[in-house]
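Kindly generate the complete structure, drawing on both the sequences and the hints.
Number of protein chains: 2
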Amino acid sequence: MVNETQHPCSTSSSSRSDAGSSSGSESSKDSSRCSTPVLDADRHERLREKMRRRQDSGDKWFSLEFFPPRTANAAVNLISRFDRMGAGGPLFIDVTWHPAGDPGSDKETSSMIIANTAVNYCGLETILHMTCCNQTKDDITAHLQKAKRLGLKNIMALRGDPVGEEWEEEVDGFNYAVDLVKHIRNEFEDYFDICVAGYPTGHPEAESYEADLRHLKEKVFAGADFIITQLFFRSENFLKFMKDCQGIGITCPIIPGIFPIQGYHSLRQLVKLSKLEVPQEIKDVIEPIKDNDAAIRNYGVELAVSMCRELLDSGMVHGLHFYTLNREVATTEVLKRLGIWKEDPRRPLPWAVSAHPKRRVEDVRPIFWASRPKSYIYRTQEWDDFPNGRWGNSSSPAFGELKDYYLFYLKSKSPREELLKMWGEELTGEESVFEVFTCYITGEPNKNGYKVTCMPWNDDPLATETNLLKEQLEKVNRRGILTINSQPNINGKPSTDPIVGWGPSGGYVFQKAYLEFFTSSEIVTALLKVLKKYESRVNYHIVNVKGQNITNAPDLQPNAVTWGIFPGREIIQPTVVDPVSFLSWKDEAFALWIEQWAKLYEEESPSRMIIQYIHDNYYLVNLVDNDFPLENCLWQVVDDTFELLN
Amino acid sequence: MVNETQHPCSTSSSSRSDAGSSSGSESSKDSSRCSTPVLDADRHERLREKMRRRQDSGDKWFSLEFFPPRTANAAVNLISRFDRMGAGGPLFIDVTWHPAGDPGSDKETSSMIIANTAVNYCGLETILHMTCCNQTKDDITAHLQKAKRLGLKNIMALRGDPVGEEWEEEVDGFNYAVDLVKHIRNEFEDYFDICVAGYPTGHPEAESYEADLRHLKEKVFAGADFIITQLFFRSENFLKFMKDCQGIGITCPIIPGIFPIQGYHSLRQLVKLSKLEVPQEIKDVIEPIKDNDAAIRNYGVELAVSMCRELLDSGMVHGLHFYTLNREVATTEVLKRLGIWKEDPRRPLPWAVSAHPKRRVEDVRPIFWASRPKSYIYRTQEWDDFPNGRWGNSSSPAFGELKDYYLFYLKSKSPREELLKMWGEELTGEESVFEVFTCYITGEPNKNGYKVTCMPWNDDPLATETNLLKEQLEKVNRRGILTINSQPNINGKPSTDPIVGWGPSGGYVFQKAYLEFFTSSEIVTALLKVLKKYESRVNYHIVNVKGQNITNAPDLQPNAVTWGIFPGREIIQPTVVDPVSFLSWKDEAFALWIEQWAKLYEEESPSRMIIQYIHDNYYLVNLVDNDFPLENCLWQVVDDTFELLN
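Chains as they are written, first to last, in UniProt numbering: chain A, 1 to 646; chain B, 1 to 646.
Since the hints were made in silico from the structure, they are not lab data. Relax, there's no trap hidden among the hints.
A pair holds if it fits inside one copy or across any two, identical chains being indistinguishable in the list.
The calculated lysine-lysine pairs, modelled on DSS-like cross-linking and capped at a C-alpha distance of 30 Å, are:
no.: 1; residue 1: Lys-283; residue 2: Lys-272
no.: 2; residue 1: Lys-50; residue 2: Lys-533
no.: 3; residue 1: Lys-217; residue 2: Lys-275
no.: 4; residue 1: Lys-342; residue 2: Lys-532
no.: 5; residue 1: Lys-533; residue 2: Lys-60
no.: 6; residue 1: Lys-447; residue 2: Lys-421
no.: 7; residue 1: Lys-50; residue 2: Lys-532
no.: 8; residue 1: Lys-413; residue 2: Lys-342
no.: 9; residue 1: Lys-533; residue 2: Lys-342
no.: 10; residue 1: Lys-493; residue 2: Lys-336
no.: 11; residue 1: Lys-60; residue 2: Lys-532
Keep in mind the model is a prediction, meaning the values are calculated, not measured.
The structure is reproduced here in structure tokens:
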């Protein structure tokens, strides 16, 4: 909203809005007694309620603004940034809307798709900006319907820049943000939370500061739920603005927009767009160091921290909205110095909960997608219902097709050249594949000196929790047990444990040891002999690419492998080994060999044939040690298997 | 079926049976992937499947036959016997049908109601006998429909004794058991499992042994699932009969009917009814000791044990059916000596699972009715659905009304005089009530020398598990914390633990400590102060008869207080403290003071007024210690409360 403008002189805005009836009430009529245990009130509240609750509890918060990237590669990187910055605990993020950039399209760089990805795949509460100027009512309705369909719940209603110099009000058109607010309320009732823009020093095109305040009041009275302000350079500007708003009866939350100066160029551009005046005292500092980016950023951070402190200390401000310019360092630094960046965000569940209104009740997932949560969300996006505490309820709903390798939010962050360096320009045999797995586990460089920081099944370096198993994992990968997923057993650690904890405090979390790997048929033959000894203790599923399936799991029952016990709650069991979904995962896990690894090499090349051989002949195995209070026996199972082979 | 007869000369039996279409298919189409974790395949199988599975696994079983009692008091005692003998693990019980006794009525002594009680309230797989002779098709259909409505799944199809000497076949009537079998299959398709009678030495009225076998084959081919035989005195009779059946193509299970001789009189009566000949070698033993009941019973047990051993050793017999004559000792003795009485029956869940087909999926109950399971079943009998693993799913379904004190299966086994001896002919104050509670806990006689073996809230002596808490319970009851329910905390004991274990082997069971009691408002005031210290650890609900309700439970969330972790399964959480159902329980718990205790005394009597005072002024309190891995803090809470009061 940095570049929003507003027409200077208008109290009469088109309030006509007679298009068909409303649609928005599938929304959050969750009863207080819902079907899944509410671990976290947050998950079931809408944004305005969260904001109120945080204000009432005196718990300070922040939010982050991003703009849509220009290229698909930049989109991949932005999504990673969402994941990283999301970890700091923003109350929401927002995504700007640029009419010239086809913002409502299905392109990976559109505002709509970026916001969709943030909500559905990153689990972030998200506000989608939307402008109305120079657009037809039908276009706007179509955008809003699409946003609703994608699970977006919050709209920042803006006018946008008129196209061309000679802009004139259209009769019955959308001339002002207030028209958009009214339209949303008319067409979608209370479905969306609506945010509008405020101007602490008055809109540059406004008749007067007072007239601008009156426009703001109109927007609020038309149905806006809260206000985010344009950036400003002095805290007193904001505090005066806030008092003036309250003076004319605006009672909704007003969130100051904070712009940490990050460089000379971006500041100049911003000033040009927003028509704001940079105070002389700031210019005086910046001009002399304009070629020193680091120095300007340091100064910008200092300035932002001290302004934020003044705002928070005033007692009038409960949340801070940051214009990040899609950058990470400065904003994160400010937030950390303010002490509102969550260093150890409490996880409501062991996996990131999707922010889609339909998925909020989701509370159990198969363990297989633990390292590919976005793929899981993608492949289950057509589900009408999510297993609520009982995986069995969903009687094996169909998983979406395997066509996701090219979706930008599932793409590897590393380009082909980097992957080849990590996984080998040329493979000489199965052993060179074992070596890649081993290097990924140990974090040691491969023989060409490159660290293996991702694998087809894991887009990120090893999880902290998996590190607990590092030594054993290294040993077995070296010998051809190619692990792609594992967890240690946990017998009642506090839910606040920094590594394995999740859920509200005062609880206890548990896990059954889990190990999942690819391995050769020779090893599987020996393993099956060994498993006879562990029949009553270890559950296994062993399957090859053709679907040949060996298991001792009773019927098609899921096995809960992660659960938690909390004060005053039912048992939560967020992760299961589900035999039915394992067969969907199997397709994906085997396909990743080909799609993400084999295809790096020329057709018919020896390297490609090695991967193809593994794909065609290896088995995917998962093992669960049911005796979680005892020492994990899965390593013994593997040792016994190797011993049998010798 | 001891007294069933069959017409001697008929191969042509009425096979017409053209009444309307079928009704029986709401039945057990449970998918193998059901909504609740299958802890026990048994729970989801029909009787004939259970029988097959036990046969396939080589697991010997037994079943028990009872007849309907003559009086309501005898019915109460029979139900207790069902509970006790049910603990030994019969595969099923069966209830005979006597046309003269109004067997299909709603009287507490009718076959229909006794079978209903066995299935629904005692959780026993049950076969209801039904005879067809001298009855109209409509009567029979009505009986079957009623049986189905009550949740009965198995019928023993019999002809029954013709009324009057001059019985003649009725055209289109029900002349033989085979007509009833056909009728059931025509009208109810596969809904019922059907059992028919076999005669190892031939039916006394049959043309010949061979003709009788042919009649039996007809019954089987008309749709019977298995055969139970008339009693016999020599194992070779049964084994020959079985071979002969197989020889003519009868392949269904044939279960020998075992009659342990229990007394001279009952043997003579039986012989008369069944027209069987007692072998001379048995007469020779019995006649000399005919006045010594104990001696005859001992002999009967010996005889039955040795015959059963011969049958089992033959390898042809997998189950034994016992004619108990509604007595307990002889049959139990035989079963124990054979080693097929389950000394430590594995509990599939901590509470007895109802055998009603609709309720089989039930897997969570509020803890409040732990000592009144029949009342719980009664008050939830109208539910269409049972919380499956998530109490919240049922969004506070309505509990049935409180009108159950007079239902025979909920009646106290003790008559008024006995209750007065236990609970006091005359109360002198609240302290004399404390004394009654204390004596119940300690098992010591009261001041008049009587042991208190039941209370209005507990129809049985203290549970073994509760014994673990005996010392503390005694202390607090003496001081006016009148406990009616409690469980210790358990942190992962094996599921096979003889005291607290339940569910399949190889699992671990857990409990949060629970304490429920009535107490005065003075104590509640102090308790509430103390509870502030334990706010994050202890959940409480405190309510009086008027419904004034004090709690720190979040929203209306249930708190799981018993759960189990099993190999290859989801978490099972069979017991919860559910805030909504607590209010239904509260009504019942308070009403029991009046209905079961106050009403023992004259109106306006001081004793009655004391109980009325407690009813009107005390609070019902429940406490849960959420920190199950630590030492139970609830005793400390109570101690702190008493200390604060001093």
